[in-house]
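Engineer: Read off the chains here:
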Amino acid sequence: MVSPIYIVAAALGVGFAIGVLGKLGKNFSGILTLLTLGFMTYVSSEWLYAFYFGDQVSTYVFTAGYKPPISINLLMGPQEAFMSTLINVIGLLGGIYLFFNFGRKGRNAFVVYLVFIMSLNVVIMTRDLFNLFVFLEISSIATAGLILIEKGNRAVGAGFKYIIATSIISSILLIGTIFAYFYTGSLNIDDLVKSDLTTTTGGLIAVFLILIAAILEMKPFPANGWGLDVYEGSHQGFSAVVSAATATASYFMLYKLLDIAGNSWDHYIAVIGAVTFIGANLLGVKQKFARRLLAYSSIGQLGLLMLILGLRTYLGDNLNYVVFGILLTNLLAKTGFFWLVGIVKAKTLKEWAIIRRKPFFLFLMGTFVFALIGFPPFPSFFAKWTFVMDLAANGGFVWIAVILTGSFLEAIYYFRWFGYAVKADDNYNFSFNVRWHKITPIILLTALLYIIGYLTAQHTELGRMINFIPLFFVLILFALDFLPVFIKNTIAIIGMGIYFYFIYPSLSDLKLLFEVIFMIGGILTLIAGYAYKGKRSGFYPVAILMYAGLTGLIEANTTLQFFFGWELMTAGSYFLIIRGKRSMPHALSYMLFSVAGAYAILAGISIANIGQLTTSLSIFNNIQYFPQWAYGLLLFGFLTKTASVGIHIWLPGAHGEAESDVSPMVSAILLKAGVYGVILALIGMSKSQYDLSSLTYILGWVGALTVLFGNISAVFQEDAKRLLAYSSIGQLGYIVFAFAIMTQLGWLTGFTYVINHFMYKAVLFLTIGAVVLRVGTHNMYEMGGLIKRMPLAFVAVLIGITSLSGVPPLSGFTGKWLFYNAVIEKGWYFQGVIVFLSGGVAFLYLFRLIQTIFLGQLKDNHRNVKEISIWFLIPIYTLLAGLMVFSARPQWVLQPLGDMIANYMPQNSIRWDGAYAYTAIGHWTGSGVMMTIGSVFLIVFLILKLSTRKAHKIKQFDIVYSGERPDRPDTTHVAYNMYAGFYKAVWPLTVPLAERFWNWMTELVHEAAGFTRRIYSGNGQAYMLHIVLYIIVLFFITIGSSI
Amino acid sequence: MEYLNLGKISLLIGFILIIIGFWGILSQKNIIKIIVSFTILDTGINILIVSLGYIKGRTAPIIDASVPQLADHNVLNSIVDPVPQALVLTAIVIGFGVTALLLAYAMKLFKAKRTLEINQFNDLKW
Amino acid sequence: MNIYVKLAYTLLGFFLVLNWGLLMSATLRKIVARVAGRHGIPFYQPWIDLLKNIGVRTTLSHGFMFYLGPVFRFTGAVGMFLFMPALFGSDMWSNFSFEGDIVLILYFQLFGMLGMAIGAGEGGHPHSAIGIARGLAQHAAIEIPMTLGIISLAIQYHTLSFTDIVAAQQGGIANWTIFTNPIAGVTLLLAALGAMGHSPFNLVKAPNEIPIGPPTEYHGTYLGVLMSSGVVLHVMEAALFMNLLFGGATNWVEFIIKTFLINFYSVFVGVVFPRFKIEQSVVWFFKVPMALGILAILIYSF
Amino acid sequence: MSELDINDKVKEMLEKSAENAGSKNSEKTFVHPEDEEREVIAPDGSIIKVNPIYDYFSGKKPTEEKPSNGVVEKFLNWARSESIWVLGFGTGCGSIEIPPLMTPRFDAFRFGIQMRPTPRQSNAFIISGYLSVKTLKRVIRSYEQMPSPKYVLALGSCTINGGMYYDSYSTINRLDKYLPVDVYIAGCMPRPEALLAGFMKLKELIKEGKGEKANEYARNFDEYKANQKKIIKDWNMPDYNW
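Chains as they are written, first to last, in this note's numbering: chain F, 1 to 1043; chain R, 10001 to 10126; chain H, 20001 to 20302; chain Y, 30001 to 30242.
Among the hints, erroneous ones may be present.
As the list claims (entries may be wrong) - Not close to chain R: a few residues of chain F, all C-beta gaps over 10 Å, as computed:
1) Val885
2) Thr990
3) Tyr1016
4) Met1024
Said to hold, decoys possible - With a straight-line cut-off of 30 Å between C-alpha atoms, the simulated DSSO-like cross-links for lysine-lysine are:
5) Lys10108/R / Lys151/F
6) Lys826/F / Lys687/F
7) Lys788/F / Lys30049/Y
Bear in mind the hints are in silico, worked out from the structure with no lab data behind them. Beta carbons are placed, not taken as given, at the ideal position from N, Cα and C, and that holds for glycine.
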């Protein structure tokens, strides 16, 4: 074991040596510095290794041959080893990244950098208060020096503000230190902890001054203008180190010093952290510049760390795990991000569109964004999970709200930024170059993120249960992204097929049903992918990522697995959606609603988790505390995915603008994930000992209104895919409503709709998508008469809409018939009437779909379009075959389903007698009706065909037109604003209240951020004033009353 | 007036200087004046440190002829607390370093915009 | 009963209904003529028209769906007949009503409508599309009182089966739904006005405005098929309300009288009121019929 | 029709005016900008040439549609004669005489005469009085769109010899140069009673099996078409409107 004192010794020694040996040149100095940093890393990591894999115990290192309080001592414990390893690793990588930047400034820059890293190490390890002050000042001075490696006025201004602010903070620490010494006679932290400093007034003030200094070092909102400026103004390579290493050191300093005050300060720290976390992230929302945005985010993360520290009593033993996850993710991802900013020299967020010129950089950025927001498989995901679970278990609900709100605000700006990077117009004439010494550290960090994420999961028992195989498959597909689409598609399909084959035997009932929808549906929609040419870069990994998440949902046995799958699915679908041409804003709103929904689910699970002995999904069935809240939050979370009214505004754009084969994926398949969640929650509610009927009642109304507004909005769409998207909203409303009925019939209806919607919406979206590919427009009024060009597509749409509309004999009617029975049995008449009325409204948009696209007048420019691609026709007709079987023999599916539902809903209200179904009030036979109608239809058709066999085939303008001839197909085709009359009657129902509300909310957040951030006037003096006022205010809040 | 011994007077002076320093930092627009205010603050803190270590009637913790040598070489009862004295030396050094850095920054700032008004350096804001 | 005998009776019943429908349409048009002070068409005019249409020599085809339009329409009409028991208490005339209940009929009405809409759509005539757009919008509005009324009936009788509903109304006029559940009855009768498609709700065809709307392009045999399905539909729509509200029919005479009176009622209203615009028509259903329908359910849900 | 009845002088003038209309202006035939050939870009980027006059229409020539045999045809003819569906198209001043036909006073419904709003469902066409060249184009299109068998009733003197508009630059003088006419109802204007009489005459003709003018039109199609095109300058339709 190398004593940690050698970290200090080596750094100082080499620093002096460089000064002496300076003539040997800059590169020599640089390499020597890197070697020293490597040595420092080695020392600290050796200790870390010993702590975690050996049985090393914490060790004090004494200096000058005396014991404290006479001399200074350092402590090397597991935490110190961890922190200093982090600092040294970042220091080393930062040294590599900044090698030439330092070089340009001369060898002294290396010395300063070395001293900087060393001083942070000492801040971590020292147990002496004054020594802490000294090395804090050294690190400040070094920082101020290193800021100047960036050229320009901005860096100088930032440096000045920084040095004066930190000097004042250090002064306060010094005053506190001396008072502490005055009252206890020792400068050793351990002695101070043992002493009863807080019992005297003077001691209280001393503690206050020490802690306030430590808090101010954490850059609390709003007294942190100087910190922001440093992050923004200094060189990005160095900002990264400040953000990662200094922040780590500051956090640990606060952690150490907090012991002096005992637990009395926890609450204040938590509140300060919360204010900082939310405040910084709120202001970040309004930010347009990449560097400053990262600055806000860094400060937000510091706030989160303070929050965690303040809530340590809630966390108990898990504190280190949570801190580890959050800190590590932030450190790796934020550092990488800062360095990325340094490479991609784009100032505003919109200019970041240039990053996609090098797709690998986009991948890096995506990794960082998702890691920072806390998506799996990154460490922050597991940390956040544990954090929230522990908070809920100890009743910290307000804190959960705070954390999730702050994280949500963070998600807003990060995903907006990422959206710009992926989709904003790239018409900038500047580019960026990559040099190996800059990119290597970033790649290392990214790899570390993934590896540590995996290890973090393996660290806990729950995490070990997660199935990472699909995720590895995703990574493999990422690696194979250079292959042409045909091979990748085949690999993806085979992969999914094999996976399904192996997983099939282990599933039954509900899980099997949804797995079939997810996997078989996935394979079918992937087949359509063969229609694409070229590489289709980046499509397959993200598509499989979504399916990995979906199957993860099904396989989940524990709540963590479930949430893991949910988040993977969200991430994958986000990438799929953002691939669409004009998808940027829609993908953002999708993501934000998804994140909000996921947080609601997280909160719901955390409440459900209270007082449970197990972590399996069955806790949903037995929620013991606040069941209304738990189920309410869970349902809300799931309903964001099913796009219920009010939170549906993301769907039309997201589905409408997505690629042709992505729309069915995200509509027919992905939405079912939300349904699956709703079902799980409802199963739980049915088994709950509490009376939750008010919740299902509300859910029923939500479903009914969703149907109404979804369908009515669909009627007035001009964009075919948006029409289908609104139709999906309506259909999901049916499903939610049916499940909310909570009877056997209701659930049977719900499942019928699930199966139906999967099939016909996949058919419709695939067909319309394929048509769009052929005709090159989404606008229905630009199409028309395509039945002549693509009859097979027409037949598919015809069967699809007939089925969707619920006209007998196709399977849509199965759902309608069950619906009537279920509604009347339950007694939800008014909701039922709304739902049935909407069924009538559905006809309008369905007719519009088929009329304006396939019937009417063929447009001139579509005269030569071909039938839709065979690769689309295969899945379409496979699904149609399924639809027809389900229509002709509904009992094959419904009977087993009814038996399955009987497990959850005991009352047996449907009786099957062969093909005949009987309920208490009605009867019906799918096969009989199909046969009767079929034969009548056939007979009439043959007769008519026979009698008109000599018919003349005529063309599109051979119509009676009041004696005139039509001028153009465009002016003869009834399509645009087709339901103008109906609009005049129902316009009050089409007012987009939800959109207005969310726009208003967005405006509110932005205005609030825009107003608040004016405190950062840029004037250094104002920042000083903030610090002083902050101290004064905090003084009165914390100890003012006790003096 | 017997409370107003040397220790307390210097303590008071230290606080007054600290407050003057803060006042200067917050009110002066000129960067040089701010730096001067900072040194005043620094000085105040140093005086504070020393005065807290002061014990009436004892001498400086420098063991030379002026210190009465007691038995067993025990000088502890005749000198003031040595720790603050040691601290203040370090503090002065650090204060010196910071001041030097601040002045260097002042120079750079002046070169950048030919002015020393602190409110001119607000390129980074919001 | 043997399925072939059943089939034979069903065919016979359909033939009866078809002829009764033709006669009824002539009679009703004669009544309208008398209201206007005219003599009116001869009572056999519909048969002649039908014959003439079949005798038209030129047949045109806009495409495959153009054929299927009338086929859908006719199948829809036949289905309406098949799935509703023609006469109560008679095994022979109960048709195929064992295959489904009111819900089947409610949605099967749309079968013909949808097929007709698509067939007319392929004709490519703008007026067809306009007519259909109106028709669908109006249908969506009619759905409100219709559904409210039927749910009220379903609550009242605890069944959705025609046979059971009619059975419950046997034993005298006082047992008819229109008297036992007058509010739902009135609601359904108001919905019937829309469903029958006479003035003021005839904006789908609106002869002088959008030359008879959807069937603009249909001629000859197509038109013959459409006409026959139209008259059957008229009878069966009336039969639907007869079964729901007026105690059904136990013999053909009763059937004929009741369906005639129900049709007469809607024609009577039509003669008095001019045509609505689409937005007026839709909004009209949102007002009194909806209020009555809600009342009809409220009465039974408490 | 009886050409001999026509006054020589009138005949001369007619020829003169037809000559004027035919020779002088035929050189500069007017093509509406909407009807000029244009190019559109297909979704795949190729260019499609569109000829607005011919591309949208079937344009096939009409063929004779033979009556059925014997008794069936007689039966059908009886049905046709009892069910005359008139195209509601007011082509001239005489249209004002048609509405009274449907009123209580005359009530043509009694005779199975009904108005239909679309040519596809009509089998009788009343040319009500003078026929301007502009209207003629529409009349031809509507006539051709009616399914056969179809009948034309020409109302008033204007359809016979131009009547009081015999020298008008904008009206035609002899309808049967352009369309085969089944029944002329003379007068200026004929009263509804005359119209009813005309209908009765038409019924007789149909019953006798003489209502085959549609086939005559198909037989002499080229001749009719040449006449039509001669007088209609902005011919922007296919030769036959199905």
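Engineer: Confirm or reject each hint.
Structural biologist: Against the structure, the hints come out as follows:
no. : hint                  : in the structure
1   : Val885                : holds, 63 Å
2   : Thr990                : holds, 39 Å
3   : Tyr1016               : violated, 5 Å
4   : Met1024               : violated, 5 Å
5   : Lys10108/R / Lys151/F : holds, 11 Å
6   : Lys826/F / Lys687/F   : holds, 18 Å
7   : Lys788/F / Lys30049/Y : holds, 19 Å
Hint compliance for this structure: hints 3 and 4 are not met, and every other hint is.
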